[in-house]
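Protein sequences appear in the order of chains A and B. For the first sequence, our numbering assigns the number 10 to the initial residue and increments by one for each residue that follows. For the second sequence, our numbering assigns the number 17 to the initial residue and increments by one for each residue that follows.
No lab work stands behind these hints, which were simulated from the structure alone. Where a beta carbon is used, it is the ideal one built from N, C-alpha and C, also for glycine. Hints are supplied without guarantee of correctness; some may be wrong.
[Stated by the list, open to error] A short list of chain A residues far from chain B (calculated; beta carbon distances all over 12 Å):
| hint | residue |
| --- | --- |
| 1 | 111 |
| 2 | 166 |
| 3 | 210 |
| 4 | 325 |
[What the hints assert, rightly or not] No farther apart than 25 Å at their CA atoms in a straight line, the calculated lysine-lysine pairs in the DSS-like style are these:
| hint | chain 1 | residue 1 | chain 2 | residue 2 |
| --- | --- | --- | --- | --- |
| 5 | A | 323 | B | 110 |
| 6 | A | 190 | B | 72 |
| 7 | A | 85 | A | 190 |
| 8 | B | 124 | A | 188 |
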Amino acid sequence: MGKGKTLFWLIPALLIIILIPPVTGSVTTREGVFLILMYVTLAVSLNIILGYTGYVSFGHIVFYGIGGYVAFYLMKFHGIHLIPAMIMGGIGAAIAAFALGEAVLRLRGAFFAIATIGVNEAVKALVNNLNFIGGAEGLFFNFRIYNTYGGATKAIWFSYYTMAALTITTVIAAYLIKKSKFGLGLMAIREDEDAAIILGVNAKRYKSLAYAASALFPGMVGAVFFFKAGNIEPHDAFHLIKSIEMIFMVMLGGYGSVTGAVTGALVYERLKGFLLVNPLFKNLHMAISGVILLLIVLFMPQGIVGFIREKSKKLREMLE
Amino acid sequence: MPPPILELSRVTKHFGGLTAVNQVDLVLYRGEILGLIGPNGAGKTTLFNMIAGFHKPSKGRILFKGMDITGMKPHKICKLGIARTFQITKPLKKLTTLENVMVGALPKEKTVPGARERALNILKLMGLDHRASLPAGTLTPGEKKRLEMARALATDPSLLLLDEVMAGLTPTETQDMLELLRKIEAQGISMVVVEHNVKGVIRIAHRMVALNYGQKIAEGPPHEVITHPEVIKAYMGEEGPCFE
Ligand SMILES: Nc1ncnc2c1ncn2[C@@H]1O[C@H](COP(=O)(O)OP(=O)(O)OP(=O)(O)O)[C@@H](O)[C@H]1O
Ligand SMILES: [Mg+2]
Numbered sequence: 010m011g012k013g014k015t016l017f018w019l020i021p022a023l024l025i026i027i028l029i030p031p032v033t034g035s036v037t038t039r040e041g042v043f044l045i046l047m048y049v050t051l052a053v054s055l056n057i058i059l060g061y062t063g064y065v066s067f068g069h070i071v072f073y074g075i076g077g078y079v080a081f082y083l084m085k086f087h088g089i090h091l092i093p094a095m096i097m098g099g100i101g102a103a104i105a106a107f108a109l110g111e112a113v114l115r116l117r118g119a120f121f122a123i124a125t126i127g128v129n130e131a132v133k134a135l136v137n138n139l140n141f142i143g144g145a146e147g148l149f150f151n152f153r154i155y156n157t158y159g160g161a162t163k164a165i166w167f168s169y170y171t172m173a174a175l176t177i178t179t180v181i182a183a184y185l186i187k188k189s190k191f192g193l194g195l196m197a198i199r200e201d202e203d204a205a206i207i208l209g210v211n212a213k214r215y216k217s218l219a220y221a222a223s224a225l226f227p228g229m230v231g232a233v234f235f236f237k238a239g240n241i242e243p244h245d246a247f248h249l250i251k252s253i254e255m256i257f258m259v260m261l262g263g264y265g266s267v268t269g270a271v272t273g274a275l276v277y278e279r280l281k282g283f284l285l286v287n288p289l290f291k292n293l294h295m296a297i298s299g300v301i302l303l304l305i306v307l308f309m310p311q312g313i314v315g316f317i318r319e320k321s322k323k324l325r326e327m328l329e
Numbered sequence: 017m018p019p020p021i022l023e024l025s026r027v028t029k030h031f032g033g034l035t036a037v038n039q040v041d042l043v044l045y046r047g048e049i050l051g052l053i054g055p056n057g058a059g060k061t062t063l064f065n066m067i068a069g070f071h072k073p074s075k076g077r078i079l080f081k082g083m084d085i086t087g088m089k090p091h092k093i094c095k096l097g098i099a100r101t102f103q104i105t106k107p108l109k110k111l112t113t114l115e116n117v118m119v120g121a122l123p124k125e126k127t128v129p130g131a132r133e134r135a136l137n138i139l140k141l142m143g144l145d146h147r148a149s150l151p152a153g154t155l156t157p158g159e160k161k162r163l164e165m166a167r168a169l170a171t172d173p174s175l176l177l178l179d180e181v182m183a184g185l186t187p188t189e190t191q192d193m194l195e196l197l198r199k200i201e202a203q204g205i206s207m208v209v210v211e212h213n214v215k216g217v218i219r220i221a222h223r224m225v226a227l228n229y230g231q232k233i234a235e236g237p238p239h240e241v242i243t244h245p246e247v248i249k250a251y252m253g254e255e256g257p258c259f260e
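Extracted from the complex, chain A is given alone in its bound form (with noise of 0.2 Å):
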């Protein structure tokens, strides 16, 4: 196992990445890193589950719409801060999680990706009908809740740069979850879980346990982003679509490696960009995006730095 290799230069690039804005100016570039910071996240997190465990949570879209409706309610309605808002999205996500999980983790393969699907609906149902969070409409902000933050524009910047520190934490996190003692159990399931409880692996509660991990920040960017965004409803919240997106950027980049997630967060978002502005290909993305996903399950199921990590020896301990 490597000596930290992967982050000395990970966390560069992302900062590096993360300055661009600032540095420019642009409002536009901003937009765009948020989008890209947002996407990395919530690959990262994922791959908790779905790359180093090895179960695919197919619905995990619905742990960011728990976590941006606890924080979006207590941020409106108890006037909290967005950072101990967020953090109470992400622990409410997370407790979630733990509890789904010990109910669904007991169904292996397309079991369960089938059954966070079902979750994600039906916690979307349940919203809707739920009128003191706003039901079907949703909830918006009072402007003036930006005042805390020094006024709209100054909000949407403190909003960023929020991100910008959950992305290097889910980051650094999700990268000493693996290089730990719970990463290889976590690991052993996913190659084989009959052999890893044998080895004296406690299965069912690292299970939980990932879970709630991977919920924990996509929980706390559902909270940055409906903050930013000014209002939440349902269909934004637990936008199936989002889920799948997720699931094709940690195949893209390659599951399991943190690495791995980030490139294909990366990737996934010029890849959108460009589909959608391309007047031929923009209503087709989600079709185009789902054949490449099948091109990458079927010849490269390592993904693009799983690929190269077998490739290359010497780059192996770079890329975690």
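Using the hints provided, position chain B with the ligands relative to the given structure of chain A.
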């Protein structure tokens, strides 16, 4: 006689209408190597699955060091000191050979470097150290058998359940495996050795038990068991290699 480490009383397992293990009583004493033989489908693996906590017995009780472990979770049983190998090897294919063994070492070792150290020593003992950094999926079948054993040993067991670790090995590999079992014996680890290779197992077993259709048909010193009329009858119609 040393105290018993494992005691089975009237252990039974039904799969639907099939009784895979039927009222088996068995005692293993500390430091002992028990050979467990029987034709295909006799219930040997099922018996291991029950001892290791993979299957809950339909009836009967299993005591380990005097403690009732019937129906206990496999990872807990592992921590108590029972390790097993799988008849069909289950390497963690994408992990390296070293990482495979580290997984076994982790529950007992507090730190990752500690587990690594322990795993490396075991790989040396098993003659697999030159394969440490290769993905376990790339090992030869013989190496995979040794990896199964290495991982089991890494959990620091006092009882080792070996399910056909000699099956499919070349004569030299079988020789090496027997030597290895003697080394493990010398560490004071008790073993139950399931084997089709009866010729191999009689060279190390202190005592033997034969199963057929889930029932114990013979028990005693190796030579008595393999010449027992019930055992010969059970094996009749089976391919010769068993006694070769
Ligand atoms: N999980 C299961 N479900 C249903 N039947 C099973 C299961 N496991 C084993 N059996 C059946 O129980 C009987 C005993 O099988 P077991 O694998 O224990 O035999 P064995 O002595 O290990 O045989 P072999 O020498 O071929 O490994 C067989 O008839 C088998 O088909
Ligand atoms: Mg068997």
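Verification of the hints:
1. No beta-carbon of chain B is positioned within 12 Å of the beta-carbon of residue 111 (chain A); the least distance is around 15 Å.
2. With a least CB separation of 40 Å from chain B, residue 166 (chain A) remains clear of the 12 Å interface cut-off, as annotated.
3. Some Cβ of chain B comes within 12 Å of the Cβ of residue 210 (chain A); the nearest lies about 6 Å off, and the non-interface call is violated.
4. Listed as a non-interface residue, residue 325 (chain A) fails to keep its Cβ farther than 12 Å from every Cβ of chain B; the least gap is roughly 10 Å.
5. Restraint check: the Cα-Cα separation between residue 323 (chain A) and residue 110 (chain B) comes to about 18 Å, which is no more than 25 Å; the hinted pair holds.
6. Under the criterion of a C-alpha separation no larger than 25 Å, the hint pairing residue 190 (chain A) with residue 72 (chain B) is inconsistent with the structure, at around 29 Å.
7. With a C-alpha separation of about 40 Å, the suggested pairing of residue 85 (chain A) with residue 190 (chain A) is violated against the 25 Å cut-off.
8. A hinted pair counts as satisfied when its Cα atoms are at most 25 Å apart, and residue 124 (chain B) with residue 188 (chain A) qualifies at roughly 18 Å.
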